[in-house]
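Visitor: Spelled out, the chains give:
There are 2 protein chains.
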Amino acid sequence: MMQTVKIVLDTLGGDKGPAELLKGAAEALRCHPELSFVFSGDPVLIREQAGELTIPSERFEILEAPVAVTQFDHAADALFQKTESSMLKGLRTLGEREDLFGIISCGNTGVLLPGAVRYLSGAKRVRPAMAALLPAETGGFVCLVDAGATIDCSKDLLLHFAHLGSSFMARMYGIERPRVGLLSNGAEPTKGNALVKETHPALAEDPEICFVGNIEGSRALSGDCDVLVCDGFAGNQVLKVTEGTARRILTDIARYAKKTGSSDALDLFRHLMGVYDISSLGGGILLGVEKPVLKARGDAGAQAVISISQMLLNMAQNKAVFDAAQNQI
Amino acid sequence: MMQTVKIVLDTLGGDKGPAELLKGAAEALRCHPELSFVFSGDPVLIREQAGELTIPSERFEILEAPVAVTQFDHAADALFQKTESSMLKGLRTLGEREDLFGIISCGNTGVLLPGAVRYLSGAKRVRPAMAALLPAETGGFVCLVDAGATIDCSKDLLLHFAHLGSSFMARMYGIERPRVGLLSNGAEPTKGNALVKETHPALAEDPEICFVGNIEGSRALSGDCDVLVCDGFAGNQVLKVTEGTARRILTDIARYAKKTGSSDALDLFRHLMGVYDISSLGGGILLGVEKPVLKARGDAGAQAVISISQMLLNMAQNKAVFDAAQNQI
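Sequences listed follow chains Z and P, in order.
Under the numbering used here, read the first sequence as residues 35 to 363, first letter to last.
Under the numbering used here, read the second sequence as residues 35 to 363, first letter to last.
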C-alpha cells in the first residue's frame, strides 16, 4: 500500500484568503496521489470550497478553527488568547498526532515561530531559525539561514543557525560536510560588521562546522557554500533584493516580447520565470523543531501551496534518511 | 571658449593596473573635447602608455606619485606614511588647485575616505558617506547611502547620511524635496533591526527631511524614494545582491542566445547589459566633501573610467546649480 503523507494547511492568516489556498491544495492533490490534507480553518468555508473544487472527501480532514492570527497580533497575546486559531491549533494538532507530517502556514511569522517552539520543540526549547532554500548557480540549493525571522542576532545565535543549517542540509540532501559561509561585505576574513567579525573566528574554530569563510552578497547564490549564515535583517535583504532584481529584469523581458512579438523572447521569459520567480518557490522552513513547519509568504497563492506541498513530499521521502541522521547528531 | 573640466585620475591601486585605466581615460577624452586629466602615478609608465594610446599631450598632466595605496594598507598608517602615494597626493592636489574639478580612484576605500576628509573637508571634518547612484525603475536615479564605506553605523550617522543624500539629490537633479526612505525588512514602521527602529522616528521628526518611511529590499530600486538610507553593511548587500542576480540572469540569457542562435535573445542581452551591468556603471560618490570624489570598484576597467568621467562632466555642468544651492543649505 502507498504510504500517505498528511499535511496540515493553515487556511487563514494569508492575504489572499482560504479559497485561493484551497485551490492550490486541490491541484497538489491531483498531482500527488500519496498526499492528503488537514485543512485548519472555518469549517463552513472549507466545506463549501472543497465542494466547488471537487476535492474527494477521503483526501482531506477539517480541523475546526475559524479564528485567524492576523499580521497585527502580538506574539505574547496570540499565544495565550488565540490557542484555538487555525495556526496555533494546527501546530498543536501536528505535535499531538503521529500521522501528521508537517504544516504549511502563510500567517504571521512572529506568532508562528514561538508557536512552533511551544508545540513542536519537545524539551529543548531552543530558538528555531527560518531557513530559505534558494536555487544555487551550480545546481542544487543554498540554505539561507536566518531568512528573516530573527532580525537582531548575537554571535551565539549565528553559530546555532550554522549548526541547524548544516544538520538540515546533511539530512535533506545527504551532503556529508555541508560547506558553511558567513554573509559579509567582502570575502576577506577582516571584512564585516561588528557581529560578523565576532562570529567569523567562532565558526572557524568549531570542529563540527565546515567553514568556508566570508561570502559576499554577489556570490550568495553562487553555490560557493551549502549553508549561508546571516542575521535575519541581512537575510531578508538577500531574499528581497534578489526577488526585486529578478522581477524587474523579467518585466523588461516580457515588455520586449510584447513589443517585438518575438517568440524567442517569450520562450526565454517562461524559462526564466521557472527559475527566478521566488514568490512561487518554496517558503521558509523552520529549523530546530521536531516536524517540518513551512512558512509561505503572506501574499502566497495557489502556486505557492503547490510548490511547498511538493517540498514537503520530498522531505517525507527522505524521512528515513532524516531520522537515521538525526539520531547521530 | 569652451570651459574645460580637469579631473584627477589615480592610476594606481586598482586590480587591473594603470594601462587599463588609461585606456578608459583615452576613450573618454575622445568622446568629450571639454575633458582633460591629471594622471596621478608612475610618470614613466604613464608617459609610455599615453604615447601608445596617442593621447594628445595638451589633454593631460602628470602628477608624479609612483607609490600605490594597496588593499592591505591600514588607514592610519597610510595617512601618515603614504602621503606621496598616487591617491593621497591626488586628493591633496585636488584640494589645493582651483582648476581641478574632481578625482577618480579605484583604490582602498578605507584610506580614500579619511584621505578625502583630511584634504577636502575644510573646517567641518564630518564623516563623509559613500553614495551609489542606481537606475530607478521609474527612470532617474536612487541615491543609496551609505553604499559600503561605513559598515557599523549609529542613528546619528544615518540621520547625517539622510541629509547628505537629500542635499546631493537636490543639487544634482534639482529635486526640490527629495523623498528619503529607510531600508528595512518590511514597509511597516514597526519593522527593522534595532538601528532601523531607533532611526525611524528620528527621520520622521526631522523637518528638513521628506521621509517616506521604510522601504523593503525588493523595492530598493523601485523609485519609491530618491534617497535610500542604510548602514554600509546593508548597502553593500543591496549593491552586491543586485549585481549578482543581474549577472546570473544575463548569463542565462547569453547561454540561451548561444544555444539557439536567436538574434532576438542576443538583442535583448545587449539591451539589458546596458541597464544592469552594475560593474560598468558609475562608482561610489563621496558625499560631504568639498569636491567630487568618485570611487570606482577595485576591479574597475576602462569602461568604468569612461562612465565615471561622464558622471563627473554631468556634475560639472550642474556646478552653477550646485554652488547656488549649497549656499542655501
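The set of hints was computed from the structure by calculation and includes no laboratory data.
One or more hints might be untrue.
One copy or any two copies: either way a pair holds, since identical chains are not told apart in the list.
Straight line, CA to CA, 27 Å or less: simulated DSSO-like cross-link-like pairs of lysine-lysine [what the hints assert, rightly or not]:
| id | residue 1 | residue 2 |
| --- | --- | --- |
| 1 | Lys225 | Lys189 |
| 2 | Lys189 | Lys231 |
| 3 | Lys225 | Lys50 |
Visitor: Are the hints correct? Go through all of them and say.
Guide: Okay, the hints, checked on the actual structure:
Proximity of lysine 225 and lysine 189 under a CA criterion of 27 Å is satisfied in both settings, with 16 Å inside one chain copy and 22 Å between copies. Taking the closest pair of Cα atoms, lysine 189 and lysine 231 come within 27 Å of each other both inside a single copy (9 Å) and across two copies (21 Å). Only between protomers do lysine 225 and lysine 50 lie at most 27 Å apart by alpha-carbon distance; the minimum there is 22 Å, versus 42 Å within a single protomer.
Hint violations for this structure: none, all hints satisfied.
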